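Protein chains: 2
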Amino acid sequence: MLLWAAAEGFRFLELFVHLLILLVLTRAFGEGAARLGQPSAVGELVAGVVLAAAIAQFGADVPFLAGLADSALLDFVADFGIFFLVLMAGIEMRPQEMAESSKTAFVVALGGMFVPLAAGFGLAWVWIPENDLHHAQAFLVGVAVSISAIPATVKVLMDFGVLHQRFGRVIVSAAVFDDIFGLMLLALLTGVMQTGVIPDAGTLALLVIKVAVFFAITVTLGVHVYPRLSRRIKETQMAALEFSALLGVGLAYGLLAEALGMHWVIGAFMAGLYYERPRVGEPAYSDMKLVVGTITSGFLGPLFFATIGMRVDLGAVTAVPVFLVVLLVVAFLGKFIGAGLPAWILGLPRREAAAIGIGMGARGAVELVVLSIAYEAGLFAASDGIHPVVDNLYSSLVVMAVVTTLAAPLLLRRVLATPREADPSDETSPPSG
Amino acid sequence: MLLWAAAEGFRFLELFVHLLILLVLTRAFGEGAARLGQPSAVGELVAGVVLAAAIAQFGADVPFLAGLADSALLDFVADFGIFFLVLMAGIEMRPQEMAESSKTAFVVALGGMFVPLAAGFGLAWVWIPENDLHHAQAFLVGVAVSISAIPATVKVLMDFGVLHQRFGRVIVSAAVFDDIFGLMLLALLTGVMQTGVIPDAGTLALLVIKVAVFFAITVTLGVHVYPRLSRRIKETQMAALEFSALLGVGLAYGLLAEALGMHWVIGAFMAGLYYERPRVGEPAYSDMKLVVGTITSGFLGPLFFATIGMRVDLGAVTAVPVFLVVLLVVAFLGKFIGAGLPAWILGLPRREAAAIGIGMGARGAVELVVLSIAYEAGLFAASDGIHPVVDNLYSSLVVMAVVTTLAAPLLLRRVLATPREADPSDETSPPSG
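Chains S and Y supply the protein sequences, listed in that same order.
Numbering of the first sequence is given in the numbering used here, commencing with residue 1 and proceeding in unit increments.
Numbering of the second sequence is given in the numbering used here, commencing with residue 1001 and proceeding in unit increments.
In short, the hints are calculated from the structure, not lab data.
Please note that a few of the clues may not be correct.
As a list, the in silico EDC-like pairs of lysine to aspartate or glutamate whose alpha-carbon atoms are at most 20 Å apart [claimed, not checked]:
| # | chain 1 | residue 1 | chain 2 | residue 2 |
| --- | --- | --- | --- | --- |
| 1 | Y | K1289 | Y | E1092 |
| 2 | Y | K1155 | Y | E1031 |
| 3 | S | K289 | S | E276 |
| 4 | S | K289 | Y | D1287 |
| 5 | Y | K1289 | Y | E1276 |
| 6 | S | K210 | S | D200 |
| 7 | S | K289 | Y | E1282 |
| 8 | Y | K1289 | S | E282 |
| 9 | Y | K1289 | S | D287 |
| 10 | S | K289 | S | E92 |
| 11 | S | K155 | S | E92 |
| 12 | Y | K1155 | Y | E1092 |
All values derive from a computational prediction rather than experimental measurement.
Just chain S, with the same shape it has in the complex:
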């Protein structure tokens, strides 16, 4: 007669079924993608698209399936997925090396960000009709085409044995800078979403000051307090306390970022950024990299990418084909010119500059994090029925991210496979040059 089945059991069982479906599906697609030489995140995102289609088709017949589409679990997992993805991105980066990184990489990153940002903003400003969220949407499109990521590209560079040549290192460093710029742009985007308009000079100056305060606080803590904290923790039960401390710092930095008008993901990122081997010691660093990396790649990440995919409506491909093609061209050319041209001007040979422009074209986790945050903030939902481009904006941007990410390694292989010009600036001379 009792409570059990009705009250708590059923809800939690449904959660079990949902988690199991998501876990099995995403890992199967993710592994499939990895075996095809693609980032597993793309496979996991596609798993979400497939799942959404399956729910639409069979949701009424299969028990539990229908509830998956609007499960509170998805929002929750998406948020925690973002937290861990960004924390892990921070842990994997080495701020020391970045500070010592080449001027070329910095300039390439800047060019590779501002050119597509301007082009994407311009495109959206003209194409998207006037509506309440017009400013924010135009800015979002600019941000969406301006963020690079490297995982797929690195694999190609390694295959060709050019990862440690000058242009290979430029691609990697510039993409890292780009992720950080992307997170800063997100701070600005949050401001635009809050006010609904592009900030004026005064507001912008205030925002810059707030950003500076945030970084001053977190960098100081990162450089001076992290090592001491770790030394104290080392005396006791290590991994669990390190993990608690890392999560606690991420939460606290997230709250600080929000208090200063930025988005909490920047806090999570900074918590990870200064968690690095020389600062916290080898065992703690590798333990946390394993633990956070395993939670991220083995559970929260795949589910996050699946939620991204589940929200995609592939109808966008047929509903707004022209916009989508133009968006892809802007995304590709913006990176190709914005990152490739400065590289060429700074003295890299044409073929390598082209490789940089193409290699920077891949999008990644930070890109999808920004889209997801904009989605949850209602930037797409609030505009139903105004115009097909607005209705399909989210799906178009995700398709753009996936297509450019899949295309970048393919195109990069082509460029690297062409015979190279004899070039004195190369550090290693090709054996069959």
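Go by the hints and put chain Y onto chain S.
Below, chain Y alone, put in the same frame as chain S:
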């Protein structure tokens, strides 16, 4: 003007604040307890009691604090905390060694379970007035006093260098058996909660068959499929896939257990139980132990113990003092006689049999998991105002668990510190005997 603050941001920020408060408070109290030589779970539980008191006192004044008391986060975290605590308990146990363990340990575990089970059941049956949930409540009290755990006791045994003497090994093995018996009793308790009455012989036989089917399936899969699964996974990206697989198996076993009328925690436990070093290989085992252990001890465990504490009303101590004292006496004597007497009959010297009876008195995670499940199933809430003992039953049982857990190591130290009788059955002869 926009969405951000209102829609998603605020809810998630509140979650951040709640998580940060819980994390900082539980880890501080947990570390404090550990430095006093107590299990950190006790400290984390006390942190919950303190937090609940703080909310009652200052909840109206401090922003976000009031929402923490009935945050959906707590239920969610409690459920996932249980999943990971039980999964980790399974990972840490070695079924191979248990199968080879001594007959003495098995008999001690059986006696140490059935005597307090009967005594607790009898006490509650007589003391708790007739109400809808009378059967289930009496059975729960029996189960609650019958579950042992060892972490606190092991530390004492190690301090005295007797962990590997016969009675030391008996305590450890018997407590492990006891945890497993406790989970089986939970299967029965779930049945009682669903039907509201103690099952008759036919229902009981059916339940036993279902339990047998469950164990037949999961043990077969554990012995034969786990090693193959791990061998395949080893070829690819290891830790993340192992983690996904382990979670997936836990979820699937949990659903199987529920389908067979048991509770899902038994599924999570069995998923961990056959995840052991010789079966899955050294690197995978130690990676998963680190990852699951870190999530459990560094995040979900402390929050779970805090939620247990937050639900405690210390008013129980003054509201039903006589019941509480009798409950403590039953819990202590039940274990002392139930586990100590068989040990003495099986030939252990009196002092060591006493040490066994006392050492088995500590309660632990499985005990609190059972109480939490009963709480969420409404076993305590559905009886408001019937009788003070019913109203204070949950708090009394938690207080009993904490007091016996704190008392066991103290009493054990006393017994071990008394000069021992000369005894030929001892494996190692005391140097100053």
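To see whether the hints hold, each was checked on the structure:
no. : hint               : result
1   : Y:K1289 to Y:E1092 : 8 Å, holds
2   : Y:K1155 to Y:E1031 : 16 Å, holds
3   : S:K289 to S:E276   : 9 Å, holds
4   : S:K289 to Y:D1287  : 11 Å, holds
5   : Y:K1289 to Y:E1276 : 9 Å, holds
6   : S:K210 to S:D200   : 15 Å, holds
7   : S:K289 to Y:E1282  : 19 Å, holds
8   : Y:K1289 to S:E282  : 19 Å, holds
9   : Y:K1289 to S:D287  : 11 Å, holds
10  : S:K289 to S:E92    : 8 Å, holds
11  : S:K155 to S:E92    : 16 Å, holds
12  : Y:K1155 to Y:E1092 : 16 Å, holds
In summary, the structure agrees with every hint in the numbered list given earlier.
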